[in-house]
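What follows is the residue order along each chain.
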Amino acid sequence: MTATAPLTAKDFASDQEVRWCPGCGDYAILKTVQRTLAQLGTPRENTVFVSGIGCAARFPYYLSTYGFHTIHGRGPAIATGIKLANPELDVWLVTGDGDALSIGGNHLIHVLRRNVDIQILLFNNEIYGLTKGQYSPTSRRGTRSPSTPKGSVEAPISAAALALGAAGRFVARTVDTQQKRMPDVLNRAHAHRGASLVEILQNCIVFNDKVFSHITDKSVADERQIHLEHGKPMLFGAERNRGLRVRPGTLKVEAVTLGEDGITQDDILVHDETDRTLASILAVMEPPTLPVALGVLYCDPAPTYGESVSNQQESLAENQGLNDLLRSGRTWTVAG
Amino acid sequence: MTATAPLTAKDFASDQEVRWCPGCGDYAILKTVQRTLAQLGTPRENTVFVSGIGCAARFPYYLSTYGFHTIHGRGPAIATGIKLANPELDVWLVTGDGDALSIGGNHLIHVLRRNVDIQILLFNNEIYGLTKGQYSPTSRRGTRSPSTPKGSVEAPISAAALALGAAGRFVARTVDTQQKRMPDVLNRAHAHRGASLVEILQNCIVFNDKVFSHITDKSVADERQIHLEHGKPMLFGAERNRGLRVRPGTLKVEAVTLGEDGITQDDILVHDETDRTLASILAVMEPPTLPVALGVLYCDPAPTYGESVSNQQESLAENQGLNDLLRSGRTWTVAG
Amino acid sequence: METHTAEPSPAPRETLDAVVIRFAGDSGDGMQVAGAQFTQETALFGNDLATFPDFPAEIRAPVGTTFGVSAFQIHFGVQVRTSGDAPDVLVAMNPAALKVNIGDLKLGGLMVVDQNTFTQRNLTKAGMESNPLEDNSLAPYQVIPLEISKMTLEAVKGLGLSQKDALRCKNFWTLGLMLWMYDRDREATTEWLAKKFAGRPEIAEANITALNAGHAFGETAELSSNITGYSVAKAKVEPGLYRTVTGTEALAWGLLAGARAAGLKIVFGSYPITPASPLLHNLAHLRAYGVTTFQAEDEIAAVCSAIGASYAGALGVTSSSGPGIALKTEAIGLAISTELPLVIVNAQRAGPSTGLPTKTEQSDLHQAVYGRNGDAPMPVIAASTPTDCFEVAIEAVRLATTYMTPVMLLTEGYLANAAEPWLIPDADKLPKFPVKFRTDPENFQPFARNPKTLARPWAVPGTPGLEHRIGGLEKDSVTGDISYDPDNHQHMTDARAAKINGIANDIPEQQIQCGETGGDLVLVGWGSTYGPINQAVRHARDEGHDVAHIHIRHIWPLPRNLGDLLGTFDRVLVPEMNNGQLLTLLRSSFAIPAEGLNKVSGKPFLVSEILTDIHTRLGSNS
Amino acid sequence: METHTAEPSPAPRETLDAVVIRFAGDSGDGMQVAGAQFTQETALFGNDLATFPDFPAEIRAPVGTTFGVSAFQIHFGVQVRTSGDAPDVLVAMNPAALKVNIGDLKLGGLMVVDQNTFTQRNLTKAGMESNPLEDNSLAPYQVIPLEISKMTLEAVKGLGLSQKDALRCKNFWTLGLMLWMYDRDREATTEWLAKKFAGRPEIAEANITALNAGHAFGETAELSSNITGYSVAKAKVEPGLYRTVTGTEALAWGLLAGARAAGLKIVFGSYPITPASPLLHNLAHLRAYGVTTFQAEDEIAAVCSAIGASYAGALGVTSSSGPGIALKTEAIGLAISTELPLVIVNAQRAGPSTGLPTKTEQSDLHQAVYGRNGDAPMPVIAASTPTDCFEVAIEAVRLATTYMTPVMLLTEGYLANAAEPWLIPDADKLPKFPVKFRTDPENFQPFARNPKTLARPWAVPGTPGLEHRIGGLEKDSVTGDISYDPDNHQHMTDARAAKINGIANDIPEQQIQCGETGGDLVLVGWGSTYGPINQAVRHARDEGHDVAHIHIRHIWPLPRNLGDLLGTFDRVLVPEMNNGQLLTLLRSSFAIPAEGLNKVSGKPFLVSEILTDIHTRLGSNS
Ligand SMILES: Cc1ncc(C[n+]2csc(CCOP(=O)(O)OP(=O)(O)O)c2C)c(N)n1
Ligand SMILES: Cc1ncc(C[n+]2csc(CCOP(=O)(O)OP(=O)(O)O)c2C)c(N)n1
Ligand code: SF4
Ligand code: SF4
Ligand SMILES: [Mg+2]
Ligand SMILES: [Mg+2]
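Protein chains in written order, with this note's numbering: chain A, 525 to 860; chain F, 525 to 860; chain G, 3 to 624; chain V, 3 to 624.
Rather than coming from a laboratory, the hints here were simulated on the basis of the structure. If you're wondering where the values come from, they're calculated on a predicted model, not measured in any experiment. Every residue, glycine too, gets a C-beta built ideally from N, C-alpha and C. Be careful, since some hints might not be right.
Stated by the list, open to error - Listed below are several chain F residues computed to face chain A (Cβ distance under 10 Å; list not exhaustive):
no., residue
1, ARG638
2, LEU688
3, GLY689
4, PRO825
What the hints assert, rightly or not - Heads up, simulated BS3-like pairs for lysine-lysine below, C-alpha to C-alpha not over 27 Å straight-line:
no., chain 1, residue 1, chain 2, residue 2
5, G, LYS127, A, LYS534
6, V, LYS166, F, LYS734
7, F, LYS555, F, LYS704
8, F, LYS555, F, LYS742
9, G, LYS101, G, LYS605
10, F, LYS656, V, LYS198
11, G, LYS198, G, LYS152
12, G, LYS238, G, LYS267
13, F, LYS674, V, LYS197
14, F, LYS674, V, LYS198
15, F, LYS656, V, LYS197
16, G, LYS108, G, LYS159
17, A, LYS656, G, LYS198
18, F, LYS656, V, LYS127
Chain A extracted, bound-state conformation (with noise of 0.2 Å):
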């Protein structure tokens, strides 16, 4: 039944008619998404993509996988399950903004405490696309919105912050258009043992067009996106002139020019995943005083939760009689 011949990116795509708006930025991720399962050689039997509600949470849909399309902001439970039931299946899901900040926030964070080991694909467009454009959790203070008809009132959260004070053991952001760029953060979510998350900055063409422009346009985007490499030091700018440094007896990271007022390489912070501090700050950081941090800010691998009930399970003799259970205790016989 398995193809002997290995998958192509093609081989991923389901036979329904993709259905969102033209010009959606979720095409894009769909067809990066694809193209990395063919490289990850993954069975697709042994593939299982989960969803809450949304116009990301359709994505199952479009792929030759298992697919489970669930309940708005659930999708995280329902992933555990799957993998307490099976916990040889490879699991992603994927979710929005709303979905997973909004109604769905207190399971995103206690799949990450948990470490269930799952890919989770967060595609942020700062707004409610299916229910046609209120805004979101991660929508900027001052959005309008249909709900918000004189601009939103509340800070906005940030799903790497978040993921990081939930105890979470890897997080990485990528954008939708970066086709390049992102197969090697799916990767690494997927190379990760325990629950990895992958913000996906997605552009809503329909209700929250160019949101991120102030960050993806090409006359910005190489002073405002920087992008990590674990043991590199965290240079950007179009001629990888500027760099990020500690100010000097501070918990401070502040963006600086080599060779401007002495700063030389060895000032310039080197990415260290592991390390929770860094990736706080590289969490929240923002244009126009600092670039948006793009790929894995943090990774620090610890034992999975299905590691550990495995392990306390191991230690037992599987499938035990049932009679011995039922006659377990003080038992009498009455004669006949």
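With the hints as your guide, set chains F, G and V with the ligands onto chain A.
For chains F, G and V with the ligands alone, coordinates are given in the frame of chain A:
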């Protein structure tokens, strides 16, 4: 109606019999809160204590203010509604580690993010008291409980770290029995405009006795607690010769001893309540390597939800005529 | 269609009693706007009308696909109760729209088609093998193929629009033609366009030009083609000031009117969900009227914020659709137990689970009446037409505040979006039911009941001397303190039930909407089925059947005379867009063998479906 | 109490048919342990028995308060169906225990009291003005005041215990006395103590010493006091191997037996809540049997994890009590829509809202049958005794896996904690219903139904060639792809209903538990009211009334013959611990004027309450 003589702690006791287990840490907290309320001088009629469900959540019954014992985990949302209806009320939320961080985790992060002007007292006893002792999200790995007979396998969550990850603006920590120090923390929380989270380490004598004794026992307290003061160097120890410093060139904080390895006062970090990065580090410090941080970890005020909402509202003439509204837009007359 | 003598008019027009038009096109074609404007002009003209907007499930499906088709149906004329069974006229802006809607068109019906869109590419996208305009498959209909795209482009040429923007005017060209065809004005539309595009006057101008061009085309083409103009007789309506409203608007305003009548501010906590979100959007604009809206992190927080607000002395209101209401269930129990006022609006959609979010259904009645843990009674009321939403909302507020109880208000996706003309009431003449907060500390007991209503006092924080504690644990029947006393629990359970049952004495007796007591058959309905049931019953009566129609607003408690009333009929038939939910309620309340007529397809009943069922049950076949 | 001829025994004892004893004391007095051990010895002795543990609401209330009183009642004898109406014997370890329980004791009943605890301090704590042992207020009873505390301290003196630990042995002293009084062994208790305190042998020894001392006291005191020993006749029970089980144990084992019968592993996702948590605790110990337990962050995550597990091929099980079940509602809809097996256990407690968590009630039937959005049918079954939980759990698994559906299993706080003797079944002889996962990709269609059961195939991830997508949106009736087609939605709604209704053909016809068809009155019950209804009906029949008892296990769908069966009786009476919930179901299903007998006090029915009602309704007063 309002008493003219200043109220005493006793005036804040209700007529209900207190029904916690004898020896429960909640008693001490109750006493201290009653005392603090008297000091604050808020009129009883303007004070509302809201709670979810749990032993901690019984708190409102024992105060002579207004009280609403709601449902499990939803206190933050009820409190938000109260503030929306009447921003003048002084609203306190009392919650447990299960109530706030398990079932109520999502509401907690959102009330913090929105910065609703309430005080949140989170009684953390690292266990579900009311339901007889199951492990909670703050229980340490390996906690044996009725639902984890072989020990729990999950990483505990830190209330303070989560609050910071959720963009909270005030985070503090205190201990049930520290009746001298707690009032100050409560005062600060009360004075802070916006959502203030106060974690109170609380001993559950029945189901989790002595779970904090490695921090609170007289013999270790000085070495394992650091009491933070804004603008002051972070010193601790019986002889106040121990301190925290940033390991040079890193983002790591370590405990050092004055006079050893050439360490002087100048190397010691000065507490800056407004530094979120520092707060994230303080939030997760743990013995034996580091002392537990007590006092105000973070305080960096921002506009409150209520202020922002009413700012928008005030820009409009209130109570416009309903007839005008019904007649807005296109109408026509059918002649009689 | 009956023909009347034509009134004098420029060209003699055939006069009709009523017409059903369906505008259908791609989601991007602006059919909802065209439909809404046609509705506006029709209302101004003086017809009675009902509409049915039918949105695609997708936000913006790829252009030209069948699942991207958006439609808007309007039924207008002398007396109109439904949005119409089969359309008399179908406007199809592309092949997909034709394909999806042709099955509903009356045989011999009129079809206006933009033939420019019938390209091979579009036919393929719509999954059509051959061009229906050429293959004779449309023979049973009266087809008018027009080059709408081309004529629109020509009309707006020279106004400086891009080709794309120019093409987007074709809905107004088509609207112009239809306005001409049914003899109505363009003034309101012109004004609306000018206002809507105030910031982009070139777009306003282009659309107005297209509108006029479509209209002119009708006038000039008439002589040379098979295009005819009609007159539709005006409705005989009560004199007064009118407007059109959707169910959502009426609901929002009704809630506000109710709050005003009670003397309260509204705190509305909600979480977006189809088809309930429009209420949130609507109320979000009413800040100036004392409405605070709060988009919560989820439905649980939404209802809890409303409960908190009611506790603090505002009118707490929350809304959702079935799946979200399910999430609110636990908290509603708290409001029942603490006896706080609360209005819960359920804009029902097709279920179970996520179901068909954009389709209408009435399948949450069981949930509303029975869907809670414990014995947790709560009044349930239902709106039956868009304008009825106004009155029902006021009634919900009245019950909630008079009886210190949450109230479930059931509406439906269909009602939320549909529009109809409304005789605007004078707000000053609406009934008042001002809330009296408890302020006197003397003998204050949080659960001492008003002997008449059995309501407990509403004592809000901020009031000196009334400090007290409440919660979801069982409470002493007087002090409200926690009580584990068995007799007290029995007493409180009985009191909660008696309070809600007592509402039956404070609501109108059930009227018969049409027909008389003691007939062979009575059709009992609720909600949006009002129109089709009423029409079907009138038709059956015209045929000589002794049938009646009863429509229930107060679902729980039921009107006090309902049992006796139903007892006078030989048979009771309950048509519902669910699998028999009011049916269980009536059968269990009155132990009568009522029967169900159930339709669960996401679509409203057709009059003919109900009529056929009446015939079958009465054994006749007229 | 009838008196029989005494069997030969050391001292001649009066023989009784049945006795009801209530052990009552402070929460810290170990009354639950004493009760459980008395139960154990009584079971071993060979009596039929039923128990009713009644915990205080507080975890550990201040010592000596009335709200800290903990009680355990046992009814034992020849034939026992309930835990007894009024106790014959009350053991009161302190003034508060006396105060709280005295009202229930039979007039003339026996009261054993620890007089050492009747200090002024304790009397005040219990809110008593004077000492009942002195003020003659106990005259209507047979009071035996004993210095239990003192005698216990004396007995264990010299064993090296602290005063506090020594005093804690007094429950075993008392148990020893009661075991002597009713002539049963101490062996099982001695063994249990030795095992329980294996790590602290001094505690074991002290308790055993106290136990023996209490027993010896009875033996020696007999001659000199008014303390009498009794014999209680053994039950005539089926021969075989027995044990005692609580409803929770039986439920846990039944779920496991069901999973084994289906060939599945269990994934149990739950969140603690009274009185459901014991099931979680119980199953947490069964890892070695293929049970994975997961304490989720809340009830929604709990049910969702179970759904995920079922999707992946395990048996997903979740549990809670009313308020938590409310939270699971939305997700249950998903399981219904995706047609996945799932067992949902609801251990009901008194409501509404938080209600009285430690008190028993049957008020979640409406929620179970009707409490969801959309037309979302689901089977509901209910356990009626602790041992019945075993069979009902197996049946729940059978229905869930055979019909690919969630199943709601209703139990009650009372059943969860109560214990009774159980004839242990042979696990190898239990029925098997092995699940056949779909593996063949040939013609695989996720929603093609089994023509007999109408179940869809269970195709689990990991199976090559069966990759498919499911979700909560409406699905095509064959492919399972999203479908907005109106006819398909109608078809699927009908299919979901037909599948569940069809279960009526796969369950036993309803039997009459007692009495015959066609009588004057039938009492129809469900759940834990089995005992009192049965006893009352037998009594009434003995009095000559033509009454019958029907007890329903399958609440939805109802047994196929039930309507006809009920139709044979003149009147139908439905006793329930709620405000009439099975009642609505029967009235609406069969359009019959059934009547309710309702008790909502957090306490089980007394036999006498039901009997009185039978008398009233039948107009007699025997
Ligand atoms: C219980 C419930 N509440 C609300 C909804 C309505 N709803 C569907 S998706 C959604 C939010 C979608 O936003 P997001 O998760 O950001 O996804 P996007 O559409 O932007 O990809 C909402 C509120 C629902 N389906 N179910
Ligand atoms: C919806 C719901 N789920 C579960 C419960 C049961 N419950 C009550 S309190 C509680 C946890 C209490 O733990 P915590 O919040 O830490 O408070 P503590 O008792 O330790 O003070 C639980 C699970 C409930 N009352 N309602
Ligand atoms: S609404 Fe936005 S997110 Fe949703 S499909 Fe359309 S473009 Fe994409
Ligand atoms: S169980 Fe623990 S937390 Fe609860 S009242 Fe008792 S000691 Fe306190
Ligand atoms: Mg989004
Ligand atoms: Mg706790």
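The hints, checked one at a time:
no.: 1; hint: ARG638; in the structure: holds, 5 Å
no.: 2; hint: LEU688; in the structure: holds, 6 Å
no.: 3; hint: GLY689; in the structure: holds, 2 Å
no.: 4; hint: PRO825; in the structure: violated, 12 Å
no.: 5; hint: G:LYS127 - A:LYS534; in the structure: holds, 21 Å
no.: 6; hint: V:LYS166 - F:LYS734; in the structure: holds, 21 Å
no.: 7; hint: F:LYS555 - F:LYS704; in the structure: holds, 11 Å
no.: 8; hint: F:LYS555 - F:LYS742; in the structure: holds, 21 Å
no.: 9; hint: G:LYS101 - G:LYS605; in the structure: holds, 18 Å
no.: 10; hint: F:LYS656 - V:LYS198; in the structure: holds, 20 Å
no.: 11; hint: G:LYS198 - G:LYS152; in the structure: holds, 25 Å
no.: 12; hint: G:LYS238 - G:LYS267; in the structure: violated, 38 Å
no.: 13; hint: F:LYS674 - V:LYS197; in the structure: holds, 20 Å
no.: 14; hint: F:LYS674 - V:LYS198; in the structure: holds, 18 Å
no.: 15; hint: F:LYS656 - V:LYS197; in the structure: holds, 23 Å
no.: 16; hint: G:LYS108 - G:LYS159; in the structure: violated, 37 Å
no.: 17; hint: A:LYS656 - G:LYS198; in the structure: holds, 20 Å
no.: 18; hint: F:LYS656 - V:LYS127; in the structure: holds, 25 Å
Taken one by one, the earlier hints fail for this structure at numbers 4, 12, 16, listed in ascending order.
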